[in-house]
Every structure is written in structure tokens, then in C-alpha cells.
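Asks: Given these sequences and hints, build the entire structure.
Protein chains: 2
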Amino acid sequence: MGNTTRAEQRERTRRALLGAARALFAAEGYGAVGLAEIVKAAEVTKGALYHHFDGKADLFRAVLAEVQDEVGQRVSSAADAREDPWEQLTAGCQEFITAATDPDIQRIMLIDGPAVLGWNEWRGMDEASSAHHLAEALTDLVERGVIARQPVAPLAHLLSGAMNEAALWLASSGGPGELADTRAALSGILDALRTR
Amino acid sequence: MGNTTRAEQRERTRRALLGAARALFAAEGYGAVGLAEIVKAAEVTKGALYHHFDGKADLFRAVLAEVQDEVGQRVSSAADAREDPWEQLTAGCQEFITAATDPDIQRIMLIDGPAVLGWNEWRGMDEASSAHHLAEALTDLVERGVIARQPVAPLAHLLSGAMNEAALWLASSGGPGELADTRAALSGILDALRTR
DNA sequence: TCTTTCACGTACCTTCGGTATGCGAACGAA
DNA sequence: TTCGTTCGCATACCGAAGGTACGTGAAAGA
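One line per chain: the protein sequences are A and B, in this order.
With UniProt numbering as the guide, the letters of the first sequence map in order to residues 1 to 196.
With UniProt numbering as the guide, the letters of the second sequence map in order to residues 1 to 196.
Any given hint might turn out to be false.
[To be verified] Keeping only pairs whose Cα atoms sit at most 30 Å apart, straight-line, the calculated DSSO-like set for lysine-lysine is:
(1) A:K56 / A:K40
(2) B:K46 / B:K56
(3) A:K40 / B:K56
(4) A:K56 / B:K46
(5) A:K56 / B:K56
(6) B:K56 / B:K40
(7) A:K56 / B:K40
[Said to hold, decoys possible] Derived DEER-like restraints, expressed as beta-carbon distance ranges:
(8) A:H132 / B:A184: 21 to 27 Å
(9) B:S173 / A:A27: 31 to 37 Å
(10) A:E70 / B:D102: 30 to 36 Å
(11) B:D54 / A:L35: 21 to 27 Å
(12) B:A23 / A:G175: 40 to 46 Å
(13) B:D69 / A:E66: 34 to 40 Å
(14) A:G177 / B:T4: 53 to 59 Å
(15) A:A36 / B:A27: 27 to 33 Å
(16) A:S172 / B:T98: 24 to 30 Å
(17) A:P176 / B:E83: 38 to 44 Å
To be clear, the hints were calculated from the coordinates, so they are not data collected in a lab.
Glycine residues also receive a C-beta, built at the ideal position from the N, C-alpha and C atoms.
Replies: This is the structure:
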């Protein structure tokens, strides 16, 4: 008893590193955090870090994947709670704005993500976690004739960028009134897509 | 003759540093460029660099200001070439997308900018260089009744973010067709703002 | 002409990401 | 149970990069 299997120990250490790195990256930003801080907070050493990850950037990649996965889940849940495809789109977008207003999530997902991994890789991860939801929803709405037939990829990117920026702005200089105004403005843009 | 005043020399060195740093930051990204590379390309030493700037981040700040200023000028010129306020807005937006599709400008202005300086400072610089044009144009159009009366700040951020993301996407995976589709989608969104 | 200021070069320090190596405990086979 | 192997991780070290302290020679002012 009290014995710990290797798989358990491995998982515990990995979790500790991911948790510590996530908290520090979120609080101070990728560049301002040293590996020494991370391993100290995780109560391990650099040896453990390099045993689990290829380096600082790879550790960040794992943290980013975790964050993006959580946001993707929130958006999916919000969308799936609705029946009407149009409401699924709007609910998903509003939920994304809410989730992305968290400063910790922002710093990792929207600020450092593209800079650390490069925009292409960041885009790929974003696509896999949540952006494809948006593209699928738009495609579905086009198929159903709810919005005008048009290439969905450019539209998806415009909307994605709009929401990212809006969330960043809300977190830094926004009171509750700003949030409501932003939601309204986004709704207006989305509504404008509908065929009349 | 042949004599150089101190002000001249100072300006020459500063220009050399800014030019070298801009080229390297654009090509390799802020994190991947060392001060040694920069001062070698500028044919000076680190002493000169630290005499003109407070450090690597401050040098980047100066480069970013230069890039943003140029983009702002291009947008202003495009807008001022039109008489109709509505056309000024659309022309300015289209010109921004064109300018921001340049990979060098992207890396400095859209990718590394927020990560190196933090989003708040980046936002402030963007506001000063080009974003205020957008907000002013929108305010003007609201005053004239061309678009519905509404808070312009959230709208400006949504549009700004949409254009930033669109430009990034276009540069990485876009052919000429994608550019046309993106322009069309943006026009559609802008048109939707008009009071009918 | 003499002093001061300034632009910049040189040498050095510190920190940080990354690597090489060693060790003890869990694991698998006999 | 024993014994060799593997694995998870700690320790010590290295090179590079950002940053600093100080020296120097030429322009600027008196």
C-alpha cells in the first residue's frame, strides 16, 4: 500500500507541470516566465520538465491545447443546448466571447499563442478546437438557406477575428455596459447575414 | 567637407538600427532574432543600440510605431481619395486588408506586437496610428444617419479584429480568389450596417 | 585652446533555455 | 525472491543572449 505505479507518478508530474505552467503563463506571459519558476511551482526539476516535454515552447503548446479544448467544449455545449441551427450559431458565438474574456485564457490563447508557435500552427490548433464549429455552423446555415450562399471560409475568419478582438477589448477596458453593447453589435452583424 | 555633425551621425545610426531590426524582426520574428544579429546588420555595436533604445523591447516598439505609421498613412490616403463618407470607410478598410496582407507587416504589427508589448500598449499604439480613423469614420456615418445609431467603440473593435484576422489568413493560405472572397464578405458585413 | 558633452565601442556579468549524465525505484523474467 | 532492465527524474553543467559598466575619441561650446 502507498505504492505508486509509474504511470500514476508520470501522470501526476505531467499534471503538476501543466498546471503550474498554465498559471504562470497566464499571469505573466510566456516571455516573462522562466523554466525555473515553472518547475519550482510544480515542485519538480528541469529534468522532469524535459522528460515530459521537448522544451519551453512544447510545454506552452500543451497548455494552449488544454485551454483551447476547454473553450471549445464550452462553445459546443452552449450551441448544442439549442435546437434551432441559427440559435446554435449565435449562442456559440456569445459563449465564445464570454469564455475568451477571461484574462488568463486571453493571454495564452490569443496573445502568446500566435507569437510563440507561429500563426500557422496556432491557426491549426484553433481550427481543431473551436474554429471548425463555426465553419460547420455557417456551412449548415448556408445549406438550409438561412444565410446567403457564399464561401464560408472567409466569413468564418472575419467572425473569428472579430470575436477575438472584441474579447480582448472587453477584458481590458470594458465594464458590463461594454459587454452588452458588444453582444448587441455582434448580433447585428450576424443578423445581417440572414437572407431576408 | 566630409565632416559630419553629431545630429547627422545620430540619425544615421538610429536609422540603420531601425532598418536592420525591422528587416530581421519581420523575417524571423522577435524571439528568434538576437541583438548580435541586429547590430551586425546595422554595422554598429550593442553600445550604439543601448545608447538609442532602452533595450530589445524598446527597439521593437520603435519599429512597430514605424510600421503602424506607414499602414495608417496608406489607409488615410485611400480614404481621403474619396468624397463620399461611406466610400471612405469601405476604401479604408479594403486598403487596410491589402496593407496588412504583407507578411512582414503582419509579423511585426499583428503577431509579435501584442505579445512583446502586451495587448494594452499595443492597442494604444494601434489606436493612435489607424484605429481612430475607423472609429471616426463610423462616428461620422452615425451622425449622418448612414448607419444605425449605436455605440461605435464595440463596432470598431469587431471590425478591426475581423480585418486583422482576415489579413493573417489571406497571407498564409490565400490565393487571389480568397482575397476576392474576403473582400466580398467584408463588404457584405459593412453593407449590413447601413440603414435601409 | 581648453573643457565638456556626446555617440559609441569593448569587456564583462547574469540569466535562461537546453543538454549530459547519474541514480533510485518500479517493472518484468526466471 | 532475485536480478537485470527500464523508466522517471534530479543534478551539474554549457552556450547563448540580454543587459551593464566603463573607456575613448571626436564634435560642441566657451
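Asks: Each hint: holds or not?
Replies: Verification of the hints:
Pair hint K56 of chain A plus K40 of chain A holds up; C-alpha atoms about 15 Å apart against a cutoff of 30 Å. Between K46 of chain B and K56 of chain B the alpha-carbon distance is near 10 Å, which keeps this suggested pair within the 30 Å criterion. For the suggested pair K40 of chain A and K56 of chain B, the alpha carbons sit about 28 Å apart, so the restraint of at most 30 Å is met. Distance restraint check for K56 of chain A and K46 of chain B: the Cα-Cα separation of roughly 27 Å lies within the 30 Å cut-off, and the hinted pair is therefore satisfied.
Taken as a hint, the K56 of chain A and K56 of chain B pair is honoured in the structure, with Cα atoms around 21 Å apart against an allowance of 30 Å. Proximity of K56 of chain B to K40 of chain B is assessed by CA-CA distance (about 15 Å); at most 30 Å being required, the pair is judged to hold. For the proposed pair K56 of chain A and K40 of chain B, the alpha carbon gap of about 28 Å is at most 30 Å, so the pair holds. Taken as a hint, the range 21 to 27 Å holds for the pair H132 of chain A and A184 of chain B, whose Cβ atoms sit roughly 22 Å apart.
A hinted range of 31 to 37 Å for the beta carbons of S173 of chain B and A27 of chain A is consistent with their spacing of about 33 Å. For E70 of chain A paired with D102 of chain B, a C-beta distance near 34 Å keeps the hint of 30 to 36 Å intact. With their beta carbons about 26 Å apart, D54 of chain B and L35 of chain A fall inside the hinted range of 21 to 27 Å. About 42 Å separates the C-beta atoms of A23 of chain B and G175 of chain A, a value consistent with the hinted range of 40 to 46 Å.
For D69 of chain B and E66 of chain A, the Cβ-Cβ distance of about 39 Å falls inside the hinted range of 34 to 40 Å, so the restraint holds. Distance hint check for G177 of chain A and T4 of chain B: the Cβ-Cβ separation is about 57 Å, which falls inside the suggested range of 53 to 59 Å. Between A36 of chain A and A27 of chain B, the C-beta spacing of about 31 Å keeps the proposed range 27 to 33 Å intact. A beta carbon spacing of about 28 Å between S172 of chain A and T98 of chain B agrees with the range 24 to 30 Å that was offered as a hint.
In this structure the hint that P176 of chain A and E83 of chain B lie 38 to 44 Å apart at CB holds, the actual value being about 40 Å.
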